[in-house]
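*Asks:* Listed below are the residues making up each chain.
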Amino acid sequence: MEILRYAFYRFGTMLLTLWVVSILVFVIINLPPGDYLSNQIAELRASGQSAGVAKAEFLRSEYALDKPLWQQYLIWVGFMPGPHGFSGLVQGNFGWSFEFDRPVAEIVGDSLWLTVLVNLAAVLFVYVVALPLGVLAAARARSWVDYTSAFVGYLGLATPNFLLALILFYYGHRWFNLPIGGLMDPAFEGEPMGWEKVKSILIHLIVPTFVIGTSGASAMMQRLRANMLDELGKPYVETAIAKGMSPSRMLAKYPLRVAFNPFVADIGNLLPAMISGSVLVSVVLGLQTIGPTLLTALKTQDMFLSGFVLMFVALLTLIGTMISDVLLVLLDPRIRYEGRDA
Amino acid sequence: MTQLPDGRFVDDAPYDPQASLLELERKDLDAPNWVLIWRKFKTHRLGLISGAFLLICYLLLPVVGFIAPYGPNQRMSEHLYSPPQSINLFHEGEFLGPFIYPMTSEADLETFQWVFEPDYNTPMKLEFFCEGKGYNIAGLIPSNTHLFCAPEGATLFLWGSDRLGRDIFSRILYGAQLSLTVGLIGISVSFVLGIFFGSVAGYFGGRIDWVINRVIEVLRSLPELPLWLALSAAVPSNWSPVAVFFIISVILGILDWPGLARSVRAKFLSLREEEYVRAAEMMGASSGRVIRKHLIPNFMSHLIASATLSIPAMILGETALSFLGLGLRAPAVSWGVMLNDAQNLASIEIYPWTAIPMLPIVVIVLAFNFFGDGLRDSLDPYQQ
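Those protein sequences? They're chains A and B, same order as listed.
For the first sequence, our numbering begins at 6 and goes up steadily by one.
For the second sequence, our numbering begins at 22 and goes up steadily by one.
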């Protein structure tokens with residue numbers, strides 16, 4: 006029951022954070038002078054196309070851009086009735102994209118799921134790679150396994166993500182005949198899910214997952230190794246060895262279980278960086294996630310579109326952090342239920 | 022020292038029963054902190070080398086114009102995408118001193134690319150301390166002397182040339198001026214903000230602490246890059262490169278301070294209860310004075326170490342922003358702007374040298390990491 010209460014508490018703080026984030030995002034998307042429509046109107050006026058001006062003016066009042074900023078914010082989030090009653094983010098109306106002249110929901114559509122998929126794959130990659138390598142590096146400290154993994158880890162930390170992506174893509178295509186660009190074969194785009202499509206997506210996921218996950222995996226591995234080394238120096242390990250326990254069984258039974266908690270909890274700290282990375286890598290590799298959409302929206306000052314994408318990215322991070330916090334409490338009964346660092 | 026018949030060694034110095042046993046260690050205990058830190062840091066080989074390397078890099082920044090054979094935006098329209106040239110010493114088994122083989126370019130009408138052929142028959146010697154394109158030392162003193170430059174009638178592209186026929190080696194040197202200082206400005210912004218909010222939260226506690234803590238939590242839970250992107254997209258495109266450069270570094274710093282503020286706050290919470298703080302307060306020192314004179318000096322070194330470790334993130338951040346076209350823009354030269362050229366697979370495949378700017382990035386980021394690690398390890402000289 007305690008755990009449920011904690012989960013509720015955590016969910017509540019997440020909603021609160023999300024609310025603060027929405028204010029932040031709204032301020033940011035309104036930072037550039039003017040808005041998309043007023044810029045367009047000025048442009049149309051200059052070239053003397055009055056028909057376009059009327060439409061833009063109509064859109065301006067339709068989306069409440071002629072109201073003061075604080076009202077615009079409340080309408081955007083859905084706390085205040087706009088020209089068409091309550092219809093904001095809370096009610097599931099994500100707004101209108103002026104650049105593409107379509108509703109935001111229609112534009113982002115599938116890419117939301119693909120974004121979640123890419124990040125999920127990266128998180129899985131981090132665990133799958135960091136767990137065995139971290140344990141191995143600790144168990145065989147100061148051996149070639151340790152040094153090689155440390156070296157690769159440092160390189161992964163220091164190489165800009167996007168370049169790693171380009172280079173891996175190039176060599177992956179050349180040596181392993183991996184596909185270049187995109188998240189699926191163009192033939193499957195817009196097709197219903199099927200076995201072939203899933204296979205195509207999985208193959209296309211290999212390089213992006215690797216690129217997004219590498220730096221996270223290396224950080225995670227280093228931490229697991231340090232924790233394991235701390236545990237390995239303790240007397241109970243000596244006792245276990247003296248009893249004649251096999252090394253692998255001893256490792257799995259005691260030190261690993263103690264070192265495992267920070268390992269699970271840390272994903273919350275890594276997630277913001279990984280989602281950042283996935284946006285960048287998506288732009289470079291042309292993945293159909295919301296990364297490229299965000300970039301175009303920001304460049305063309307398409308404020309509702311960029312606002313929604315920023316909110317979505319933040320939401321993804323917050324949910325991930327929340328799950329990792331709840332998991333940590335489940336795993337470690339010693340954790341206090343109040344705030345994390347109160 | 023004398024050896025006794027039974028093989029033992031005995032010190033000849035007269036025995037002084039008054040001598041303090043602590044005398045030898047006294048010297049260590051009285052040594053100023055930085056001497057102890059330096060002594061420990063010296064044993065950290067990798068950190069020492071990295072630190073020296075970084076120091077040299079930053080010292081060279083004002084005089085890059087002297088080292089670079091060309092100007093940052095000097096174009097050789099005859100030599101687009103020229104491959105790297107090597108400096109040789111021996112020509113047909115004979116020692117000539119540093120020389121290059123001139124490149125001749127020819128258009129291949131089938132692939133529509135320039136084909137470059139070194140002319141192995143006519144070695145041309147490099148010139149030293151020669152006159153070339155004008156530049157300013159440290160942005161102030163005009164000069165046109167270069168350390169070395171291409172011989173008359175030939176080119177010198179150590180790391181190749183780019184799409185407009187500009188020397189990549191020279192551009193990397195000039196790019197370092199911006200790429201390396203972005204991190205410093207950013208970290209200063211983050212330092213000031215972090216210390217201010219962290220110390221206020223830690224020292225006063227209560228409601229202020231709660232508010233600042235929540236802000237820190239919110240900022241730390243957000244992905245940085247999309248916010249960086251959004252903020253730099255808001256920078257008007259008609260600003261001068263210098264203004265853009267400053268605002269970008271400030272943007273990088275604005276999102277970095279929460280981590281720093283958190284460690285400052287934690288330190289304050291524990292230091293606040295120390296006797297010397299109590300004593301200072303009793304003597305009527307204002308809170309500002311206690312914070313500035315008594316608390317901050319106590320963990321400044323820790324802060325510097327953690328700042329060193331967050332500079333690489335800023336350098337990478339600038340690179341990413343410029344690479345996406347939202348950071349520094351064209352007339353300005355930074356490593357990220359240069360990598361913008363290497364953005365597509367075609368250029369990686371056909372002109373791999375356009376991706377060379379990633380080498381200095383990797384090296385500098387690694388150096389900062391090792392240096393910061395070394396610093397952090399040696400900061401507590403009393404701890405074994």
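Do not take every clue at face value.
[What the hints assert, rightly or not] The calculated label-pair distances, taken between Cβ atoms and stated as ranges, are:
| # | chain 1 | residue 1 | chain 2 | residue 2 | range |
| --- | --- | --- | --- | --- | --- |
| 1 | A | 111 | B | 398 | 38 to 46 Å |
| 2 | B | 61 | A | 122 | 29 to 37 Å |
| 3 | B | 225 | A | 28 | 21 to 29 Å |
| 4 | A | 184 | B | 141 | 52 to 60 Å |
[Said to hold, decoys possible] Distance condition first, Cα-Cα at most 25 Å in a straight line; then the derived DMTMM-like pairs of lysine to aspartate or glutamate:
| # | chain 1 | residue 1 | chain 2 | residue 2 |
| --- | --- | --- | --- | --- |
| 5 | A | 72 | A | 62 |
| 6 | A | 60 | A | 71 |
| 7 | A | 60 | A | 48 |
| 8 | A | 202 | A | 190 |
| 9 | B | 288 | A | 271 |
| 10 | A | 304 | B | 294 |
| 11 | B | 146 | B | 113 |
| 12 | A | 248 | A | 271 |
| 13 | B | 288 | A | 235 |
| 14 | B | 61 | A | 235 |
| 15 | A | 239 | A | 106 |
| 16 | B | 146 | B | 129 |
| 17 | A | 258 | A | 337 |
| 18 | B | 146 | B | 131 |
| 19 | A | 304 | A | 40 |
| 20 | A | 304 | B | 113 |
| 21 | A | 239 | B | 245 |
| 22 | B | 61 | B | 394 |
Simulated from the structure, these hints should not be mistaken for lab results.
Note that the coordinates shown come from a computational prediction; the quantities given were computed from them, not determined experimentally.
Each residue gets a CB set at the ideal place from its N, CA and C atoms; glycine is no exception.
*Asks:* Does each hint fit the structure? Answer for all of them.
*Replies:* Hints, one by one, checked against the model:
{"no.": "1", "hint": "111/A - 398/B: 38 to 46 Å", "in the structure": "violated (54 Å)"}
{"no.": "2", "hint": "61/B - 122/A: 29 to 37 Å", "in the structure": "violated (48 Å)"}
{"no.": "3", "hint": "225/B - 28/A: 21 to 29 Å", "in the structure": "holds (25 Å)"}
{"no.": "4", "hint": "184/A - 141/B: 52 to 60 Å", "in the structure": "violated (42 Å)"}
{"no.": "5", "hint": "72/A - 62/A", "in the structure": "holds (13 Å)"}
{"no.": "6", "hint": "60/A - 71/A", "in the structure": "holds (14 Å)"}
{"no.": "7", "hint": "60/A - 48/A", "in the structure": "holds (13 Å)"}
{"no.": "8", "hint": "202/A - 190/A", "in the structure": "holds (8 Å)"}
{"no.": "9", "hint": "288/B - 271/A", "in the structure": "holds (22 Å)"}
{"no.": "10", "hint": "304/A - 294/B", "in the structure": "violated (51 Å)"}
{"no.": "11", "hint": "146/B - 113/B", "in the structure": "holds (15 Å)"}
{"no.": "12", "hint": "248/A - 271/A", "in the structure": "violated (33 Å)"}
{"no.": "13", "hint": "288/B - 235/A", "in the structure": "holds (24 Å)"}
{"no.": "14", "hint": "61/B - 235/A", "in the structure": "holds (23 Å)"}
{"no.": "15", "hint": "239/A - 106/A", "in the structure": "violated (64 Å)"}
{"no.": "16", "hint": "146/B - 129/B", "in the structure": "violated (29 Å)"}
{"no.": "17", "hint": "258/A - 337/A", "in the structure": "holds (16 Å)"}
{"no.": "18", "hint": "146/B - 131/B", "in the structure": "violated (34 Å)"}
{"no.": "19", "hint": "304/A - 40/A", "in the structure": "holds (12 Å)"}
{"no.": "20", "hint": "304/A - 113/B", "in the structure": "violated (56 Å)"}
{"no.": "21", "hint": "239/A - 245/B", "in the structure": "violated (39 Å)"}
{"no.": "22", "hint": "61/B - 394/B", "in the structure": "holds (13 Å)"}
Checked against the numbered hints above, the structure violates hints 1, 2, 4, 10, 12, 15, 16, 18, 20 and 21; every other hint is satisfied.
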